[in-house]
Amino acid sequence: MARRMEWAARAEHLGGVPRKLVIGAVGAFAKTVSCRMNRTTVHNADTLFRLVRSRTPGVPLITVSNHMSTLDDPVMWGFRGFPIFNTKLARWVLTAEDVCFKNAVYSYIFRVGKCIPITRGGGIYQEYMNEALERLNDGEWVHTFPEGKVYQEDAPIRRLKWGTASLIVRAPKTPIVLPIVHHGFQEVMPENYMFGRRPPVPLCNKKIDIIIGDPIEFDLPAMRQMAISESHNAKFPTSGWLSTPDGLDEAAQKCLYSAISEQIRAAMERLRSFRKKILES
130 MARRMEWAAR AEHLGGVPRK LVIGAVGAFA KTVSCRMNRT TVHNADTLFR LVRSRTPGVP
190 LITVSNHMST LDDPVMWGFR GFPIFNTKLA RWVLTAEDVC FKNAVYSYIF RVGKCIPITR
250 GGGIYQEYMN EALERLNDGE WVHTFPEGKV YQEDAPIRRL KWGTASLIVR APKTPIVLPI
310 VHHGFQEVMP ENYMFGRRPP VPLCNKKIDI IIGDPIEFDL PAMRQMAISE SHNAKFPTSG
370 WLSTPDGLDE AAQKCLYSAI SEQIRAAMER LRSFRKKILE S
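Positions 130 to 410 (the working numbering) are the ones given, in order, by the sequence shown.
Calculated from the structure, these hints are not laboratory results. None of the values given here were measured: they were computed from a predicted structure. Ideal Cβ positions, reconstructed from N, Cα and C, are used throughout, including at glycine. Hints may contain errors.
[Stated by the list, open to error] Below, simulated DSS-like cross-link-like pairs (lysine-lysine); rule was C-alpha separation at most 25 Å, straight line: (1) Lys302 x Lys290; (2) Lys405 x Lys278; (3) Lys336 x Lys406; (4) Lys290 x Lys160; (5) Lys290 x Lys278; (6) Lys336 x Lys278; (7) Lys149 x Lys217; (8) Lys335 x Lys406; (9) Lys231 x Lys302.
[Stated by the list, open to error] Taking CB as the label site, the calculated pair distances span: (10) Pro374 x Arg209: 25 to 33 Å; (11) His142 x Gly268: 15 to 23 Å; (12) Gly153 x Gly369: 21 to 29 Å; (13) Gly369 x Arg209: 32 to 40 Å; (14) Pro328 x Lys231: 18 to 26 Å; (15) Asn266 x Val234: 40 to 48 Å; (16) Gly210 x Lys302: 38 to 46 Å.
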């Protein structure tokens, strides 16, 4: 499948004016919902500020979070002090192709707004994932929702899809990986508000909590060796993946992606538990 409107995602498209307009409008909406319509509390915001604004040039950043509503992105970046109007610092985000790219108008707006379409069920080696890798290779910031869909229950973090793990492994430059857990968006935009539908506009007077963790460290060389060792006894279904340039066959790749995903899931679950402790205290 050809990439949809990749030209609209380029920074130089029409001198960058459409991107400034879209990100400005979306940023104003996010600020309004986050700061004026609702009460948003952020823990450890300085870590996110530092990594977004002043990480070493050329080093990519991947942020990962749970997914509680269709508003998570962009509203989770609308809290006070965050540079949401800066087009250069703005995140790239993986978005569902069937939701955000339904027609030419949607496709153009989301492309200009630094969104990368993902075909759900298309696998981790689909063409669009290569585009995400290109952004990482440019030292950009990419946000993902590794749970793969919206879950509005306040429940333990579910098993993560392997797409984010594959980006970490395949990126030409190893990215910084920052976990984030939030709560409250399921009340701002509930899936089943009236007659099984979402409300026409975001609800107000809700409390939003955003817990930002610390970067997750991965010892990728050691994890690769462990994956090769464990792959001999692994029982994953065969998908026809080719071996990687560094010699990982399909079974070893799946062991590696599974291990990285579990490390991310565990970090996110610790943040979820930390939020509960804050509330209790």
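Evaluated hints:
1. Lys302 x Lys290: holds (21 Å)
2. Lys405 x Lys278: The hint holds at about 23 Å.
3. Lys336 x Lys406: Judged against 25 Å, a Cα distance of about 16 Å means the pair holds.
4. Lys290 x Lys160: violated (30 Å)
5. Lys290 x Lys278: holds (10 Å)
6. Lys336 x Lys278: With a Cα-Cα distance of about 22 Å, the restraint between lysine 336 and lysine 278 holds, given a limit of 25 Å.
7. Lys149 x Lys217: holds (10 Å)
8. Lys335 x Lys406: holds (20 Å)
9. Lys231 x Lys302: violated (33 Å)
10. Pro374 x Arg209: 25 to 33 Å: Distance hint for proline 374, arginine 209 is violated at roughly 45 Å.
11. His142 x Gly268: 15 to 23 Å: holds (20 Å)
12. Gly153 x Gly369: 21 to 29 Å: At 44 Å between Cβs, range violated.
13. Gly369 x Arg209: 32 to 40 Å: For arginine 209 against glycine 369, whose Cβ atoms are near 49 Å apart, the range 32 to 40 Å is violated.
14. Pro328 x Lys231: 18 to 26 Å: holds (20 Å)
15. Asn266 x Val234: 40 to 48 Å: violated (30 Å)
16. Gly210 x Lys302: 38 to 46 Å: violated (28 Å)
In terms of the numbered hints stated before, the structure departs from hints 4, 9, 10, 12, 13, 15, 16, listed from lowest to highest.
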